[in-house]
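Student: One-letter residues, chain by chain:
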Amino acid sequence: MDNWKDYKKVFWILAAPGTFWLLLFFVIPLAFLFIMSFGGKAIVNGEVSITDYAYFTGFENYLRSVEPLYLQIMWKSIWISALATILCLVTAYPIAFGICFAPARWKPILLLLVVLPFWINLLIRTYALIAVFRTQGYVNLTLSVVGLGPYEMLYNDFAVIFGLVYVYMPFMVLPLYATIERLDKSFLEASLDLGATQFTTFKNVTIPLTMPGIITGVILVFIPCLGSFLTPALLGGANAIMIGNVIERQFKAANDWPFGAAISFMLMFATFAALMIRAFVAKRSAGVDV
Amino acid sequence: MVATLKPGQGPLDYASRLWLKILFGVIYVMLYIPIITLIAFSFNTDKRGVVWRGFTLDNYVKAWNNDALIEAMTNSLMIAFIATIFATVIGAMVALMLWRFKFPFKGSYEAFMGLPIVIPEICMGVALLLFFNFSGMMTAVIAMPWPLNLANIIIAHIAFCFPFVTVVVRSRLVGFNRQLEEASKDLGATEWQTFWNVIVPFMMPGLIAGALLAFTLSLDDFVITFFTSGPETVTFPVKVYSLVRRGVSPEINAASTVLIAITVVATIIAMKLQAPEKSGH
Amino acid sequence: MSEQIVSIRNVSRRYPGGVTAVDDVSLDIAQNEFFALLGPSGCGKTTLLRMISGLDTPTEGQIMIGGQDMALTPPNLRPTNMVFQSYAVFPHMTVEQNVGYGLKVTGVEASEIKRRTAEALEMVKLSHLAARKPDQMSGGQRQRVALARALVKRPKVLLLDEPLSALDAKLRDGMRLELTRLQETVGITFIIVTHDQDEALSMASRIAVMDKGAIQQIATPSELYEQPRTRFVADFIGKVNLIDAAVLGQKGGKVSCLAQGLGNMEVGCEKSTGDKATIAIRPEKLKISVSEPKGAGLVKTKGTIRDVAYYGDTSHIVADIGEGLDLSINVQNNSRTGGSGVERGQKVWVHFDPADALLLTE
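Residue numbers (our numbering), protein chains in the order written: chain A, 1 to 290; chain B, 1 to 281; chain C, 1 to 362.
The following block holds chain A by itself, in its conformation from the complex:
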């Protein structure tokens, strides 16, 4: 690797466009959002203005965001995301495990089949779920043949969780597959040989040794779940809204941008907290990374 000082011109030419773009169209907008999060509706001629904003009105937006109503939504977003992440983990683990132990010629195909839906438009996949689960959907149609239903399966928390699992599963399978594939199978053999059953081997050896992949997968699924907007908007009912929907509402229907900005930052803080937990755990389990 060369020192940048030896090729200053080349260095700047290569660095400039990307840095400029990210500063202008990412950092500055986020700065706008940050400033806005402390703002409020301006008072013009003694009346609350609809179009103008005051720069700094204190921390009231943040204080509002921790009011029970919003705290409850935040909390709900967290547990819906957590539940979806856990469900993702328990379905993705056997899948990743199975792919690793599948015959070599099947591996790429099985892996491609898991990853492919990830490339298909999120909106289309969510729409496809609606078509399957709505009252006149195929699931209810099938149930009606055996004389059951129709059940309302959409527009509730269950639908949101199922949708999130469906949509983010590939994010979980890939890191799990990568770590299980790298895992030296003789660790599992040694455990069995030493008298452990398949189950104890899984618990005492496989899980601890694939922990880095589990953590990565959990973070990769949890973060987008927490910030999701589309899935709860389409699959969730009035009660199934998540933090993303609250933000959207502030910027569209409610037109309370400063408050929306404050909640956006709350969401970002939560995201960074999750990332930091991951970095922390990764550091602690660094010796385990095999």
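I should point out that these hints are in silico values taken from the structure, not numbers from a laboratory. Being a predicted model, the structure only gives us computed values, none of them experimental. One thing to keep in mind: the hints can contain errors.
Straight-line Cα separation of at most 25 Å, DMTMM-like style, residue types lysine to aspartate or glutamate; simulated pairs [as the list claims (entries may be wrong)]:
| hint | chain 1 | residue 1 | chain 2 | residue 2 |
| --- | --- | --- | --- | --- |
| 1 | A | Lys283 | B | Asp13 |
| 2 | C | Lys212 | C | Asp196 |
| 3 | C | Lys287 | C | Asp244 |
| 4 | C | Lys170 | C | Asp198 |
| 5 | C | Lys212 | B | Glu181 |
| 6 | A | Lys9 | B | Glu181 |
| 7 | B | Lys6 | C | Glu60 |
| 8 | B | Lys21 | A | Asp184 |
| 9 | A | Lys203 | A | Glu181 |
| 10 | C | Lys156 | C | Asp28 |
For chain A, the structure is supplied; the task is to place chains B and C on it using the hints.
Tutor: Same frame as chain A, now just chains B and C:
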């Protein structure tokens, strides 16, 4: 725990375990049933799309004749096309810079480049909404003729696509053998000739894979576009969103099927290019 | 037969693709033996070992361990323990936890685990490293952990899969001695898999040589070296000169034959032979002299020295005896000056006692 093993089947021979096969079957079916039914019912004659009544291409014709849908699709493709070009060039330049040079605060700079990847999309969306509004770009750009009125969306798409291109291209560059470069210079080529004749061809699979990734990401994006588009500049996902809120229709199925076909083809090309046997070590 | 601890009966391991890794193998291993499975890579020795451990299962045949057919018993229910080629020491556990693992998962009491673990670590001289994690240890130390971890279970049979292959040359010699010592102290049957003949010859009490999934010969190290039964075994164990020969006649325990480049000779052989055979003679059993050697019944031929390689204690010489035939000869360098006493291009006599040669019919 099985008390005995089967002949010729070791204890780690999970692939031949029935329960795992069944589980695989169930999960794969769950993953694909929604998509497959969506595609299948785009060919259905039944208007409500519930019962199979017969094969038809009517839905595709209807989608084709739906001006709003076509316009949204055209916008989407135009945005993805332009954003991909910019994102690929910018992303590749950053990748080259990160691969080639060491400089102070490099770790922080890399983390900074990764921010658009980790930050919740909706936060980026609303931040850009604010930015475009307060800088006056929202009103100014929307008033421009097509395709210039898509500029805001394109700018936003470049911003979240190029860091992904950087990641892909950089991972390709890591495999580059610097001796090739030295050999080229030893044979009398200038730095610039070496760059074009040795490094760029080596980067090419990474560039194409990165470009295809940027293209699908842009084509797929709903959240950021949702906040940065005006009433005249609707993209396909945004249009579908508004239609879906009103209900399910075979027309959407048809249009979605077309988009699925585009992305699946792009993905398979990208994967072929990234396959290890093509990396030319 | 009661003292046979492992008894393998007509075991085969065939894969669905049509590959046969182990082909109709039968062998008995007695209590307290140090048994080696020796062969080139891909000969099926590791597969056989894994089938004894239960990590693989035969498609046909029986594997009796302690008098019970365990061919299809899962590994955790077998009285065998394995030292893996990669050692497979769990990286997320300390040395102590590693060694105690096999006891813990089988429900042994905590105090008992502690006592036996300490004992096992003492045995492999690792007591001072009990709290270490494997990533802070050398390859040799990790191997001792693997050994202690297997021995602490007090298995009837200890299986070792290429245990020395990952160690460097110096450590390997030390470990070889240590394994032999350990086997004598614990009195457990050891079965070792190796592709290194030196390892097998120096450690094992009996060796099974395998090739292409089948057993070529089972014998003690010296028998194997001096009485190889097949061309493969003779060639695989140590260096050997193999010379094609035509059988002329057979009477008593002697076969007279015409060996390529060497002329007529009589070699001892009990079995009846066809008309083609191979004469095998070890390099150290060949001798060189400048003048024609005298002595009744010596086989001798003229040759030209093609190459002399000096190895300190010995010199390895290649002599061309005509008809495109090269012989390898090892000479002891018995005096400080002069070395082997011959140089390249020199014309010499090569001779040997036919009693030192062996007639191979397979």
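Student: Please flag the earlier hints that this structure goes against, numbers listed from lowest up.
Tutor: Those not satisfied are hints 1, 5.
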